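Residues in the sequence shown are numbered consecutively from 1, following the numbering used here.
Hint data in this document are derived by calculation from the structure and do not stem from the laboratory. All of these numbers come straight from a predicted model, not from anything done at the bench. Some hints could be false.
What the hints assert, rightly or not - List of simulated lysine to aspartate or glutamate pairs, EDC-like, C-alpha gap at most 16 Å:
#1 311 - 284
#2 149 - 234
#3 297 - 313
#4 297 - 276
#5 265 - 284
#6 265 - 241
As the list claims (entries may be wrong) - Taking CB as the label site, the calculated pair distances span:
#7 207 - 160: 46 to 56 Å
#8 313 - 199: 36 to 46 Å
#9 207 - 161: 27 to 37 Å
#10 280 - 247: 25 to 35 Å
#11 218 - 161: 56 to 66 Å
We put the CB at the ideal spot given by N, CA and C, even for glycine.
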Amino acid sequence: MQKLSAPLVFITLAFIMHGSLVWPQGVVASNVTENAITARATAAVMPQEAAQATAIVMTQESVQAATEAVAAAQAPLQAASAVMAISSAQASAAVMATDPADPTMLPLPSDSGQSKAAVASTSAKQRQDSVDIENIVREFLLDFASHYKGQARITIETPRLGNHASCDDMQPQLSGKQALRARMTVTVRCVAPAPWVVHVQASMSIEGGFYAASRTIQAGSTVNQNDLVMRVGDLLRVPGDAVLSPESAIGFIASQRIPAGTTIKSRMLRSPGSVERGQMVRTEVRGPGFVAYGEGKALESGAPGTRIQIKTDSGQIITGIVLDAHTVRVLM
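Can you build the whole structure from these sequences, using the hints too?
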């Protein structure tokens, strides 16, 4: 079958749409030549319709030409994109194939991260570690509590440190009065190389024994073993002068009445060789080449070796050193 040209096909379709083209009876489209169809179409179509058909043909040809032109213009861009994609894939493959053992081929971000880590590590070493401070405070408190007969427990709060430089010489000390308490502040001073001060909060307990009166002890009576009973508790929460050993009470004289169950304090007792206020004592006055004896009234209490005032029978007030429970020596 002979193929029809594109202009002829469009013209034929135009005639069919307008109903102006009539095929003869028995004529088969395959037997109609291109020239015969063109002649009939030209004779049957009015000038206006011919112009419209021509415009349709030209328009379709223009669209096709424009489409081909756009396709031709896009071809180089698509080719360039394909080349770039291939180059990018090749570059990625090259990076993935890099030998990690070769430091010169490592990616830059990795090197940068290692450098930052090295700087951070060096900076951390130059700063003071809070653990070192806690250990120094703990050792200081344990040494301070060594004279107690008990088991010490210490809790230290982690000190707040800023950019405190690492210290080679730290000196701890108790803030305020130099005495252990259940809760206290320990001041740590750095002497070298760079001075700084930090305050550390610490809690402490010392579980040990102390003594109380097992029965009522009358004033002026001598304390013996049967008068004492041991109790166990936190030694930092009992009175500071509580009796912690029986030797500190047995043989001493009660200077006041001590009810049963009362924690015995050293101020409630006096040494057997001590003098009580208001007590009559013998005075021994010594000077260059002489010794004189007399009597007087103690104006205050005192243990052996302490100085107290005595009022003599003549009304004179003198100061002497307690020798024992009955004698006070006065040096002229």
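Verification of the hints:
Between residue 311 and residue 284 the alpha-carbon distance is near 13 Å, which keeps this suggested pair within the 16 Å criterion. Of the supplied pair hints, the one linking residue 149 and residue 234 holds, its CA atoms being roughly 11 Å apart against a limit of 16 Å. Among the hinted pairs, residue 297 with residue 313 is consistent with the structure: their alpha-carbon atoms are about 8 Å apart, no more than 16 Å. Of the pairs offered as hints, the one joining residue 297 and residue 276 holds, with about 10 Å between alpha carbons and a cut-off of 16 Å not exceeded.
Taken as a hint, the residue 265 and residue 284 pair is broken in the structure, with Cα atoms around 32 Å apart against an allowance of 16 Å. A hinted pair counts as satisfied when its Cα atoms are at most 16 Å apart, and residue 265 with residue 241 qualifies at roughly 5 Å. The hinted range of 46 to 56 Å is not satisfied by residue 207 and residue 160, whose Cβ atoms lie roughly 30 Å apart. Against the hinted window of 36 to 46 Å, the Cβ-Cβ separation of residue 313 and residue 199 comes to about 59 Å, which falls outside the hint.
Checking the proposed 27 to 37 Å range against residue 207 and residue 161 shows it holds: the Cβ atoms sit about 32 Å from each other. Judged by the Cβ atoms, the range 25 to 35 Å given for residue 280 and residue 247 holds: they are separated by roughly 30 Å. Between residue 218 and residue 161 the beta carbon distance is about 58 Å. The supplied range of 56 to 66 Å therefore holds.
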